[in-house]
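**Student:** Spelled out from the first residue to the last, the chains are:
Number of protein chains: 2
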Amino acid sequence: MSAPLVGRLAIIGAGLIGSSVARAVREKGLAGTVVVADRDAGVRARVRELGFADEVPETAAEAVADADIVIVCVPVGASGAVAAEIGPALKPGAILSDVGSVKAAVVEQMAPHVPAHAHLVPAHPVAGTEFSGPDAGFASLFENRWCIVTPVADADPAAVERLSVLWSGMGANVETMSPQHHDLVLAITSHLPHLIAYNIVGTAADLEQTLTSEVIKFSAGGFRDFTRIAASDPTMWRDVFLYNREAVLEMLGRFTEDLTALQRAIRYGDGQTLFDHFTRTRAIRRSIIEQGQETAAPDFGRHLVAAKK
Amino acid sequence: MSAPLVGRLAIIGAGLIGSSVARAVREKGLAGTVVVADRDAGVRARVRELGFADEVPETAAEAVADADIVIVCVPVGASGAVAAEIGPALKPGAILSDVGSVKAAVVEQMAPHVPAHAHLVPAHPVAGTEFSGPDAGFASLFENRWCIVTPVADADPAAVERLSVLWSGMGANVETMSPQHHDLVLAITSHLPHLIAYNIVGTAADLEQTLTSEVIKFSAGGFRDFTRIAASDPTMWRDVFLYNREAVLEMLGRFTEDLTALQRAIRYGDGQTLFDHFTRTRAIRRSIIEQGQETAAPDFGRHLVAAKK
Numbered sequence: 001m002s003a004p005l006v007g008r009l010a011i012i013g014a015g016l017i018g019s020s021v022a023r024a025v026r027e028k029g030l031a032g033t034v035v036v037a038d039r040d041a042g043v044r045a046r047v048r049e050l051g052f053a054d055e056v057p058e059t060a061a062e063a064v065a066d067a068d069i070v071i072v073c074v075p076v077g078a079s080g081a082v083a084a085e086i087g088p089a090l091k092p093g094a095i096l097s098d099v100g101s102v103k104a105a106v107v108e109q110m111a112p113h114v115p116a117h118a119h120l121v122p123a124h125p126v127a128g129t130e131f132s133g134p135d136a137g138f139a140s141l142f143e144n145r146w147c148i149v150t151p152v153a154d155a156d157p158a159a160v161e162r163l164s165v166l167w168s169g170m171g172a173n174v175e176t177m178s179p180q181h182h183d184l185v186l187a188i189t190s191h192l193p194h195l196i197a198y199n200i201v202g203t204a205a206d207l208e209q210t211l212t213s214e215v216i217k218f219s220a221g222g223f224r225d226f227t228r229i230a231a232s233d234p235t236m237w238r239d240v241f242l243y244n245r246e247a248v249l250e251m252l253g254r255f256t257e258d259l260t261a262l263q264r265a266i267r268y269g270d271g272q273t274l275f276d277h278f279t280r281t282r283a284i285r286r287s288i289i290e291q292g293q294e295t296a297a298p299d300f301g302r303h304l305v306a307a308k309k
Numbered sequence: 001m002s003a004p005l006v007g008r009l010a011i012i013g014a015g016l017i018g019s020s021v022a023r024a025v026r027e028k029g030l031a032g033t034v035v036v037a038d039r040d041a042g043v044r045a046r047v048r049e050l051g052f053a054d055e056v057p058e059t060a061a062e063a064v065a066d067a068d069i070v071i072v073c074v075p076v077g078a079s080g081a082v083a084a085e086i087g088p089a090l091k092p093g094a095i096l097s098d099v100g101s102v103k104a105a106v107v108e109q110m111a112p113h114v115p116a117h118a119h120l121v122p123a124h125p126v127a128g129t130e131f132s133g134p135d136a137g138f139a140s141l142f143e144n145r146w147c148i149v150t151p152v153a154d155a156d157p158a159a160v161e162r163l164s165v166l167w168s169g170m171g172a173n174v175e176t177m178s179p180q181h182h183d184l185v186l187a188i189t190s191h192l193p194h195l196i197a198y199n200i201v202g203t204a205a206d207l208e209q210t211l212t213s214e215v216i217k218f219s220a221g222g223f224r225d226f227t228r229i230a231a232s233d234p235t236m237w238r239d240v241f242l243y244n245r246e247a248v249l250e251m252l253g254r255f256t257e258d259l260t261a262l263q264r265a266i267r268y269g270d271g272q273t274l275f276d277h278f279t280r281t282r283a284i285r286r287s288i289i290e291q292g293q294e295t296a297a298p299d300f301g302r303h304l305v306a307a308k309k
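So the protein sequences, as listed, match chains A and B. The working numbering applies: residue 1 is where the first sequence begins, and numbers increase by one. The working numbering applies: residue 1 is where the second sequence begins, and numbers increase by one.
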């Protein structure tokens, strides 16, 4: 048997993503030793029970000592504090990475704490569910999903390559781009969709009480699709919006302009504008299916799930 | 064997919904004869090939002659013209129904053409996929989905009951409310979600071309969930917005006010407002799962689908 890719891997933060990384690395035999740290004692106890870590030390600094690769899996707003805590403990040649949904702000927060003898290589696996915590993770979360690696300007190519191979080993398809470009692409593909999903669910919650209960009852008409992503972790998403503010506001501005135009078409009974818009959007859906990012199965077999009940 | 529930059932319009009704009624043996009409000769030929109708006459008027129940399955904007065509041909005691996503406007359009000896009982099965046409239908589409029956003020209780039993027979859970209340509930649960999904997909399509291709590539981060409903039939949805204008504009106004508040919180870095909002929306999701309108499986097993590829 060949030696594992990584001798010692440290994961800081045992939530949905951190615990999934630990499980995937263990299942694929990608690291000799998997060390998991979490600032919450209850979470550490649960990680020990679940058994997906070889070691669960009390502090993040202990976890990263002697680690070859460190992956910080905490909300974006906490990454600066974590970097300050673990930076001094990083060994020469260590790779420090993360999984945050925002990248420029993470670089800004973490870079000052990375010693010259270590390598900062931020990354973002575009995968998740609406569940949180160490119990929510699973080894196949990253299978066939994208992991976007966003090296800083003077990144060491060997370190970037090593981290990319680790993510490939977990089943992800790795893509590389700058932190700034990442933040723009994710603002429209992920951050804005989450914001408007959170928003419409909030609007429904504020209706008269009897109407809200009917919204829940008849949610299968479209609303339901929004509630899944609007159930995602509030802390993580608060930080996404605070730390990718400019790109989100830019995309939100475009969205609102377009919505105002559709609103005007509805008000003035302009059916042609509505029809043309609704026809155009079908092409985007086809492209997504053609690129294998989605199945063409109608409704994801939800009617089948319902029928089996 | 007992006699079927309906002697002769006529379906006008063989799209996704009409062809699904025909298939469900046949599979469950709910009608002695299923007659399907469509104004498009190509669709009629396809219906004959697919074999889910006993008769496929050339005109809607022929189809409804001697029918006990007639279900009009056309875009909302066409229901007045169809009613004008078939009204004079309805036999005494016949029930005229439809499947439109808007109800008050349908009543307004159809009622003037219904003879005194027939019964208008509008209905709306809250089910569908993003596919259209006679090939897209399937018999289990309505299983465990809601069908909202919206009787007019002076409706005949026996006719309402008979139509309700037919929908129950197709597997639907039947609920009754006024056409006006239906339109308000659907504006928030279905029409507004479709409008903002169409809108965000349009915003993405208008980005610089390289960025649009990246949006497609990285759509799994949330955007993808919106593209499914933004691929729905453009004619049907144009009519929904034209004919449920007031309720949609009302709900859209609330949505925009709320979105503006979130936008302001992002601009001014007000993390507490964002966190509180994102926490509140989780409760709605829980209610939907508790009421059996959704499974709790994370991501609908999409990662499993991806892993199997």
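Some hints here could point you the wrong way.
As the list claims (entries may be wrong) - Cut-off 20 Å, straight-line C-alpha distance, at most; resulting in silico cross-link-like pairs (EDC-like, lysine to aspartate or glutamate):
hint, chain 1, residue 1, chain 2, residue 2
1, A, Lys28, A, Asp206
2, A, Lys217, B, Asp206
3, B, Lys28, B, Asp68
4, B, Lys91, B, Glu55
5, A, Lys217, B, Glu175
6, B, Lys217, A, Glu175
7, B, Lys91, B, Glu175
8, A, Lys91, A, Glu130
9, A, Lys91, A, Asp68
10, B, Lys28, B, Asp156
11, B, Lys217, A, Glu143
12, A, Lys217, B, Glu143
13, B, Lys217, A, Asp68
14, B, Lys91, B, Glu143
15, B, Lys91, B, Asp156
16, A, Lys28, A, Asp40
17, A, Lys91, A, Glu143
18, A, Lys28, A, Glu58
Note that these hints are calculated values from the structure, not bench results. None of these values were measured; they are calculated from a predicted model.
**Student:** Next step is simple, just say for each hint if it's right about the structure.
**Tutor:** Structure-based check of all given hints:
| no. | hint | result |
| --- | --- | --- |
| 1 | A:Lys28 x A:Asp206 | violated (47 Å) |
| 2 | A:Lys217 x B:Asp206 | violated (35 Å) |
| 3 | B:Lys28 x B:Asp68 | holds (17 Å) |
| 4 | B:Lys91 x B:Glu55 | holds (18 Å) |
| 5 | A:Lys217 x B:Glu175 | holds (10 Å) |
| 6 | B:Lys217 x A:Glu175 | holds (10 Å) |
| 7 | B:Lys91 x B:Glu175 | violated (27 Å) |
| 8 | A:Lys91 x A:Glu130 | violated (35 Å) |
| 9 | A:Lys91 x A:Asp68 | holds (8 Å) |
| 10 | B:Lys28 x B:Asp156 | violated (26 Å) |
| 11 | B:Lys217 x A:Glu143 | holds (15 Å) |
| 12 | A:Lys217 x B:Glu143 | holds (15 Å) |
| 13 | B:Lys217 x A:Asp68 | violated (31 Å) |
| 14 | B:Lys91 x B:Glu143 | violated (30 Å) |
| 15 | B:Lys91 x B:Asp156 | holds (16 Å) |
| 16 | A:Lys28 x A:Asp40 | violated (27 Å) |
| 17 | A:Lys91 x A:Glu143 | violated (30 Å) |
| 18 | A:Lys28 x A:Glu58 | violated (26 Å) |
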